[in-house]
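Visitor: Let the sequences and hints guide you as you build the complete structure.
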Amino acid sequence: MDSVSEGLDTDGLAALDSRVRLDLSALCYPPKNWVPETTRPNGDAVSDVVIIGGGMGGLSACFALLRAGIRNLRILDRAVEDREGPWVTYARMETLRSPKQLLGPAVGMASLTFRAWYTATHGIAAWERLGEIPRPVWMDYLIWYRHVLALPVENETNVETIHPDGDLIKLTLSGAGVDKGAEILTRRIVLA
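The numbering of the sequence shown is my numbering, which starts it at 1 and goes up by one.
Honestly, the hints are just simulated from the structure, not real lab data. Relax, there's no trap hidden among the hints.
Label pairs and their calculated CB-CB ranges:
1. A126 to T38: 42 to 50 angstroms
2. L191 to C28: 25 to 33 angstroms
3. G69 to A45: 13 to 21 angstroms
C-beta atoms are modelled at their ideal positions from N, C-alpha and C, and glycine is treated no differently.
Guide: Here's what the structure looks like:
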(Lines of atoms letter the chains of each structure in order from A and count residues from 1; the text may use other names and numbers.)
(Lines give C-alpha, C1' and ligand atoms only; values in the text may rest on other atoms or scores of the structure.)
Protein backbone atom coordinates (compact mmCIF):
# COMPACT_ATOMS: atom_id res chain seq x y z
CA MET A 1 0.00 0.00 0.00
CA ASP A 2 1.12 3.57 -0.59
CA SER A 3 1.57 6.54 1.74
CA VAL A 4 -2.19 6.93 2.20
CA SER A 5 -2.04 3.78 4.33
CA GLU A 6 0.84 4.87 6.54
CA GLY A 7 -0.10 5.08 10.20
CA LEU A 8 -3.02 2.67 9.95
CA ASP A 9 -4.02 0.72 13.03
CA THR A 10 -2.57 -2.68 12.14
CA ASP A 11 -3.94 -4.26 15.34
CA GLY A 12 -7.44 -3.12 14.42
CA LEU A 13 -6.98 -4.46 10.91
CA ALA A 14 -5.71 -7.81 12.19
CA ALA A 15 -8.79 -8.06 14.42
CA LEU A 16 -11.05 -7.27 11.45
CA ASP A 17 -9.26 -9.88 9.31
CA SER A 18 -9.97 -12.45 12.04
CA ARG A 19 -13.60 -11.36 12.18
CA VAL A 20 -13.95 -11.75 8.41
CA ARG A 21 -12.46 -15.26 8.57
CA LEU A 22 -14.85 -16.18 11.40
CA ASP A 23 -17.84 -14.77 9.48
CA LEU A 24 -16.83 -16.69 6.35
CA SER A 25 -16.41 -19.88 8.36
CA ALA A 26 -19.88 -19.44 9.87
CA LEU A 27 -21.24 -19.16 6.32
CA CYS A 28 -19.38 -22.36 5.29
CA TYR A 29 -17.28 -20.35 2.85
CA PRO A 30 -16.07 -21.35 0.45
CA PRO A 31 -18.73 -23.89 -0.43
CA LYS A 32 -17.92 -26.86 -2.61
CA ASN A 33 -17.90 -26.21 -6.33
CA TRP A 34 -21.24 -27.49 -7.63
CA VAL A 35 -20.65 -26.87 -11.35
CA PRO A 36 -19.50 -30.01 -13.19
CA GLU A 37 -15.93 -29.70 -14.47
CA THR A 38 -15.57 -29.27 -18.21
CA THR A 39 -12.57 -30.00 -20.39
CA ARG A 40 -12.13 -30.11 -24.14
CA PRO A 41 -11.62 -33.53 -25.77
CA ASN A 42 -7.91 -32.66 -26.06
CA GLY A 43 -7.77 -32.06 -22.29
CA ASP A 44 -7.73 -28.24 -22.38
CA ALA A 45 -9.15 -26.78 -19.19
CA VAL A 46 -12.34 -24.75 -19.34
CA SER A 47 -13.18 -22.07 -16.76
CA ASP A 48 -16.78 -21.69 -15.69
CA VAL A 49 -16.46 -17.90 -15.56
CA VAL A 50 -13.76 -15.42 -16.59
CA ILE A 51 -14.15 -11.96 -15.11
CA ILE A 52 -12.47 -9.27 -17.19
CA GLY A 53 -11.53 -6.47 -14.80
CA GLY A 54 -10.15 -6.73 -11.29
CA GLY A 55 -11.51 -3.46 -9.91
CA MET A 56 -14.43 -3.11 -7.52
CA GLY A 57 -16.98 -4.68 -9.90
CA GLY A 58 -14.77 -7.63 -10.74
CA LEU A 59 -13.85 -8.29 -7.12
CA SER A 60 -17.44 -8.20 -5.90
CA ALA A 61 -18.62 -10.36 -8.82
CA CYS A 62 -15.91 -12.89 -8.01
CA PHE A 63 -16.81 -13.02 -4.33
CA ALA A 64 -20.52 -13.39 -5.11
CA LEU A 65 -19.79 -16.28 -7.50
CA LEU A 66 -17.50 -17.96 -4.97
CA ARG A 67 -20.19 -17.65 -2.29
CA ALA A 68 -22.63 -19.29 -4.70
CA GLY A 69 -20.30 -22.28 -5.14
CA ILE A 70 -18.84 -21.36 -8.52
CA ARG A 71 -15.13 -21.74 -7.87
CA ASN A 72 -13.65 -22.54 -11.29
CA LEU A 73 -13.16 -18.92 -12.26
CA ARG A 74 -10.51 -16.40 -13.15
CA ILE A 75 -10.20 -12.62 -12.84
CA LEU A 76 -8.04 -10.96 -15.49
CA ASP A 77 -6.81 -7.37 -15.24
CA ARG A 78 -4.30 -5.51 -17.37
CA ALA A 79 -3.08 -3.30 -14.51
CA VAL A 80 -0.23 -4.09 -12.17
CA GLU A 81 -1.29 -5.32 -8.74
CA ASP A 82 -2.94 -2.70 -6.51
CA ARG A 83 -3.62 -0.37 -9.47
CA GLU A 84 -6.83 -1.99 -10.77
CA GLY A 85 -9.76 0.26 -11.56
CA PRO A 86 -9.79 4.05 -11.84
CA TRP A 87 -9.17 5.05 -8.22
CA VAL A 88 -5.42 5.72 -8.32
CA THR A 89 -4.89 5.82 -12.07
CA TYR A 90 -7.18 7.98 -14.20
CA ALA A 91 -9.99 9.10 -11.86
CA ARG A 92 -9.74 12.85 -11.31
CA MET A 93 -12.27 13.54 -8.57
CA GLU A 94 -10.71 13.86 -5.13
CA THR A 95 -13.44 11.90 -3.36
CA LEU A 96 -16.09 9.36 -4.23
CA ARG A 97 -19.48 10.82 -5.06
CA SER A 98 -21.23 8.07 -3.10
CA PRO A 99 -22.03 8.55 0.59
CA LYS A 100 -19.70 6.78 2.98
CA GLN A 101 -22.54 4.61 4.36
CA LEU A 102 -23.13 2.65 1.14
CA LEU A 103 -22.31 -1.03 1.48
CA GLY A 104 -20.09 -1.25 -1.59
CA PRO A 105 -18.81 -4.73 -2.47
CA ALA A 106 -19.63 -6.26 0.94
CA VAL A 107 -22.07 -8.80 -0.59
CA GLY A 108 -24.18 -8.81 2.57
CA MET A 109 -21.34 -9.13 5.10
CA ALA A 110 -21.03 -6.32 7.65
CA SER A 111 -17.38 -7.16 8.32
CA LEU A 112 -16.54 -6.48 4.66
CA THR A 113 -18.03 -2.98 4.50
CA PHE A 114 -15.95 0.13 4.00
CA ARG A 115 -17.16 1.29 7.41
CA ALA A 116 -15.82 -1.85 9.12
CA TRP A 117 -12.45 -1.45 7.39
CA TYR A 118 -12.21 2.29 8.02
CA THR A 119 -13.09 2.08 11.71
CA ALA A 120 -10.67 -0.84 12.15
CA THR A 121 -7.83 1.10 10.54
CA HIS A 122 -8.58 4.70 11.58
CA GLY A 123 -10.93 4.46 14.57
CA ILE A 124 -14.56 5.32 15.23
CA ALA A 125 -13.86 9.02 15.79
CA ALA A 126 -12.19 9.23 12.36
CA TRP A 127 -15.24 7.55 10.81
CA GLU A 128 -17.52 10.13 12.42
CA ARG A 129 -15.34 12.98 11.07
CA LEU A 130 -15.11 11.50 7.57
CA GLY A 131 -17.30 13.39 5.13
CA GLU A 132 -16.57 11.85 1.75
CA ILE A 133 -14.25 8.97 0.94
CA PRO A 134 -10.96 10.05 -0.70
CA ARG A 135 -10.39 7.85 -3.75
CA PRO A 136 -6.90 6.65 -2.66
CA VAL A 137 -8.42 5.54 0.66
CA TRP A 138 -11.12 3.67 -1.28
CA MET A 139 -8.36 1.92 -3.23
CA ASP A 140 -6.67 0.91 0.02
CA TYR A 141 -9.99 -0.61 1.11
CA LEU A 142 -10.33 -2.52 -2.18
CA ILE A 143 -6.75 -3.83 -1.85
CA TRP A 144 -7.60 -5.09 1.65
CA TYR A 145 -10.87 -6.59 0.36
CA ARG A 146 -9.02 -8.50 -2.37
CA HIS A 147 -6.39 -9.81 0.03
CA VAL A 148 -8.63 -10.70 2.97
CA LEU A 149 -10.83 -12.74 0.60
CA ALA A 150 -7.83 -14.15 -1.33
CA LEU A 151 -9.45 -13.26 -4.65
CA PRO A 152 -7.38 -14.64 -7.56
CA VAL A 153 -6.69 -11.60 -9.76
CA GLU A 154 -4.26 -12.31 -12.60
CA ASN A 155 -2.58 -8.95 -13.15
CA GLU A 156 -0.81 -7.64 -16.23
CA THR A 157 -3.05 -9.78 -18.41
CA ASN A 158 -4.81 -8.22 -21.40
CA VAL A 159 -7.75 -9.78 -23.20
CA GLU A 160 -7.05 -9.17 -26.89
CA THR A 161 -9.95 -11.04 -28.49
CA ILE A 162 -13.16 -12.79 -27.49
CA HIS A 163 -14.65 -15.33 -29.90
CA PRO A 164 -17.23 -18.10 -29.76
CA ASP A 165 -15.75 -21.59 -29.85
CA GLY A 166 -18.63 -24.03 -30.19
CA ASP A 167 -20.62 -23.79 -26.99
CA LEU A 168 -17.69 -22.09 -25.22
CA ILE A 169 -15.91 -18.75 -25.44
CA LYS A 170 -12.25 -18.41 -26.42
CA LEU A 171 -10.17 -15.51 -25.13
CA THR A 172 -6.78 -14.58 -26.55
CA LEU A 173 -4.47 -13.04 -23.97
CA SER A 174 -1.30 -10.95 -23.90
CA GLY A 175 0.72 -9.06 -21.33
CA ALA A 176 3.46 -9.66 -18.79
CA GLY A 177 1.26 -12.17 -16.95
CA VAL A 178 0.97 -14.61 -19.89
CA ASP A 179 2.61 -15.82 -23.06
CA LYS A 180 1.59 -13.64 -26.02
CA GLY A 181 -1.23 -15.25 -27.91
CA ALA A 182 -2.18 -17.59 -25.06
CA GLU A 183 -5.76 -18.79 -25.36
CA ILE A 184 -8.17 -19.80 -22.63
CA LEU A 185 -11.69 -21.20 -22.75
CA THR A 186 -14.65 -20.35 -20.57
CA ARG A 187 -18.37 -20.98 -20.35
CA ARG A 188 -19.26 -17.41 -19.38
CA ILE A 189 -17.69 -13.95 -19.23
CA VAL A 190 -18.32 -11.06 -16.86
CA LEU A 191 -17.17 -7.67 -18.12
CA ALA A 192 -16.36 -5.63 -15.04
